[in-house]
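Visitor: Chain by chain, the residues:
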Amino acid sequence: MAIAPWQTLDFSAFLDPFLFLAQIDSDKNVSERLLTDLSLRKLLRAALTIAIAYGSFFAIQTATTWISERVARRFRLMIKQALPFWKALILVLTLADLFNIFLNLSEANLLALTGTIAVALGFAFKDYASSVIAGIIALFEAPYRMGDRIQMEDHYGEVVGYGLRGIQIQTPDDNVVTIPHNKTWTEAVSNANTGNLEAQVATTFYFAHDADADKIISILYQAAYSSKYTQLKLPIVVVMDEQFWGTQFKLRSYPMDARDEFIYKTDLIRRAKQAFRRYELPYPLASRMADVEQDGVPMTDAPPPLDGM
Amino acid sequence: MIQGFMWSVRQTVQSWFSQAQATVSETEEELVPLPDVLENQLAQKIRALPSPEIYQSFIREELAIAIETWQQNLDAPNSLVFLGSPVEPIAAILNDGLRQWSDAPVNIITPLPCMARPEDPLVSIQQIRDALDPYTQLDPDNQEDADEQLDPDSLDARQTVVLIPCLEQCFLRCIGGWEGIEYLRDVAIHHRHCFWVIGCSHWAWNFLDFVCQVSAYFSEVKSLPELNGEVLKEWLDPVVKTVIAAQAQTEEDGDRPDYWHSLASKALGVSSIAVNIWLQSLRIDPELVADGDKSPDLNLASDNPEGEELILHEVKPSLPSFPSLNHGDRYLLHSLLIHGRMTRAHLAFSLGQREGQIQSQIQALLRTGLLERNDGCLSVQPSHYVRLKTELANNNFFVGDD
Chain A
131 MAIAPWQTLD FSAFLDPFLF LAQIDSDKNV SERLLTDLSL RKLLRAALTI
181 AIAYGSFFAI QTATTWISER VARRFRLMIK QALPFWKALI LVLTLADLFN
231 IFLNLSEANL LALTGTIAVA LGFAFKDYAS SVIAGIIALF EAPYRMGDRI
281 QMEDHYGEVV GYGLRGIQIQ TPDDNVVTIP HNKTWTEAVS NANTGNLEAQ
331 VATTFYFAHD ADADKIISIL YQAAYSSKYT QLKLPIVVVM DEQFWGTQFK
381 LRSYPMDARD EFIYKTDLIR RAKQAFRRYE LPYPLASRMA DVEQDGVPMT
431 DAPPPLDGM
Chain B
4 MIQGFMWSVR QTVQSWFSQA QATVSETEEE LVPLPDVLEN QLAQKIRALP
54 SPEIYQSFIR EELAIAIETW QQNLDAPNSL VFLGSPVEPI AAILNDGLRQ
104 WSDAPVNIIT PLPCMARPED PLVSIQQIRD ALDPYTQLDP DNQEDADEQL
154 DPDSLDARQT VVLIPCLEQC FLRCIGGWEG IEYLRDVAIH HRHCFWVIGC
204 SHWAWNFLDF VCQVSAYFSE VKSLPELNGE VLKEWLDPVV KTVIAAQAQT
254 EEDGDRPDYW HSLASKALGV SSIAVNIWLQ SLRIDPELVA DGDKSPDLNL
304 ASDNPEGEEL ILHEVKPSLP SFPSLNHGDR YLLHSLLIHG RMTRAHLAFS
354 LGQREGQIQS QIQALLRTGL LERNDGCLSV QPSHYVRLKT ELANNNFFVG
404 DD
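As they're listed, the protein sequences go chains A and B.
Position 156, counted from 1, in the first sequence is what the working numbering calls 286; the numbers after and before it change by one each time, with no gaps.
Position 134, counted from 1, in the second sequence is what the working numbering calls 137; the numbers after and before it change by one each time, with no gaps.
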């Protein structure tokens, strides 16, 4: 049988431009298989799931805060620190239920889905995804936990909220600052108490060079031991540093509750100053310190941010 | 933290079991608590009783052994510290114990007989110096070098016991407030020819150990024994027998061991707590207190054999309900437990506050019954001690080891 010349022609070159249409068709089939049929019942169930999840989030957040502020101190952090895990659990269960409602999660579909999600997150929600992942990692690495007193960038305060995207810290001025988790990739996190109730408080005092250092050290130790806020089970240390304008003494001690750090510091200073006055211990000369400040020379090393209010 | 938690769990479980074992009176609901007047009269009767004999014999036995060792061995410790609960009258117990020690092999001197803190706590060291001054045995000019090798003949000179029945009254938690303790500590270590007997509460001792390491100087420390139900009954019997309905004492369970066991368990074996719980477990017929114009008088058979006896009833002993506390209350109560009895001015000074600032707190705590006021001094009501200790431990305060 004779073969027509056109029958021997290679059509592949001709069809190449239309192959992407076939691909689209194939993707459509996958898409149809990936998504289950929509129905009103499913939509209502999904809405109910989201409502329950939202309600649970709110209830757990409220209950955790309410309970933790009413129980004894040593249970406060224990209760607060469980909050992110409860939230994560609710989130996982909610997503699992929604996927179960709307998706057919076969092996191939899962592959396609993750690819799509990866592309979407990579372009549209890059920072959000980064924060979520950082938040999950932070749950296990624990650079900060609920109830910790942390310093990130210029912000210092107690971690009072742990969300999907970031944390909320309450500053000493009673402002709530939200910091995304992904800051932990690049910024240093200074944690004062790392899950404990106590956090060290450093209180600085300044004296003239000829002040009786032994007497000052003795008074500072006694100031710490006598303060009602002091956790006596933890070490109390006084360290000295010599500056050209005078002598700097730093009292390092721990209050029983890190929340009391500023009132504790005030109590220490007040007690110590009463005793300094009694013994007439000389402070550095004001004129000398004014000269130093006028010359623009730093009076001392800048106090660490945790020291300041 | 875990130890504190386990302690509170143990207390709770023990209280469940002791509640289960307690005898429940069928007439409990028909009776009413004692009026304050009656309760005070009974409390006075109990205060007149000597300390429990088991405390006294314990003190004498331990002292006899320690003094004998000290008199025979040059390097033996020259001190013995008796610790008790902060609500226990340790000074009275020590005084009772030594008063009954008829064949004491030594001369006992008491330069600081449960003194009150001076108005200015900073002069407490001077007060202690003045108190020790009349005693030539404690002359600062004749003190020994603590590291010096003693002459064996000096054992014969070991005839003096210095009794300090209430160490917590010798300090205040403020700058310079425990210089007196440091002075005493140094005198004791430099006068090894004197034996030092010290009474103190666990809480004060723990505090002083933190701030001036007293345990390093006074190594021999004994805690008062816990009282069991039988001992408690024996101690309180002179009062109990005169007021409790006769039928309760002649029931088939006779001495009601379950009641006394339950009482001892709830009181953690501490006499003052047991007394308060016992008083609170007493009930009276409501008809006897119904007449508002005339409160019943405690007319004990022993006082007036011909008078009409007032019969009371015991119900299941239980700890009083514990009021909720705020942070300020906890600091105040913690300070009181460290210092024992103290005036309002001293309490304010130790807290670093003015008297006016704590006045409202004190009034509120007095009203809830957590505090009591005697002779111008404040102290913690003993029946609340058990729960207060748990409360403070749970709030990260250091507590005594009692």
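If you're looking for bench data, these hints aren't it; they were derived computationally from the structure.
Keep in mind that the hints are not guaranteed to be accurate.
[Unchecked claim] Here are the in silico distance ranges between beta carbons for each label pair:
hint: 1; chain 1: B; residue 1: L369; chain 2: A; residue 2: T324; range: 53 to 59 Å
hint: 2; chain 1: A; residue 1: L223; chain 2: B; residue 2: Q360; range: 32 to 38 Å
hint: 3; chain 1: B; residue 1: E358; chain 2: A; residue 2: R200; range: 55 to 61 Å
hint: 4; chain 1: B; residue 1: R357; chain 2: A; residue 2: T324; range: 45 to 51 Å
hint: 5; chain 1: A; residue 1: I393; chain 2: B; residue 2: R50; range: 52 to 58 Å
hint: 6; chain 1: B; residue 1: D154; chain 2: A; residue 2: D342; range: 46 to 52 Å
hint: 7; chain 1: B; residue 1: D133; chain 2: A; residue 2: I393; range: 36 to 42 Å
hint: 8; chain 1: B; residue 1: Q47; chain 2: A; residue 2: V290; range: 52 to 58 Å
Treat the numbers as computed from the prediction; the structure is a model and nothing was measured.
For glycine and all other residues, C-beta sits at the position ideal for the given N, C-alpha and C.
Visitor: Are the hints correct? Go through all of them and say.
Guide: Checked hints:
no.	hint	verdict
1	L369(B) <-> T324(A): 53 to 59 Å	41 Å, violated
2	L223(A) <-> Q360(B): 32 to 38 Å	51 Å, violated
3	E358(B) <-> R200(A): 55 to 61 Å	30 Å, violated
4	R357(B) <-> T324(A): 45 to 51 Å	36 Å, violated
5	I393(A) <-> R50(B): 52 to 58 Å	41 Å, violated
6	D154(B) <-> D342(A): 46 to 52 Å	40 Å, violated
7	D133(B) <-> I393(A): 36 to 42 Å	38 Å, holds
8	Q47(B) <-> V290(A): 52 to 58 Å	54 Å, holds
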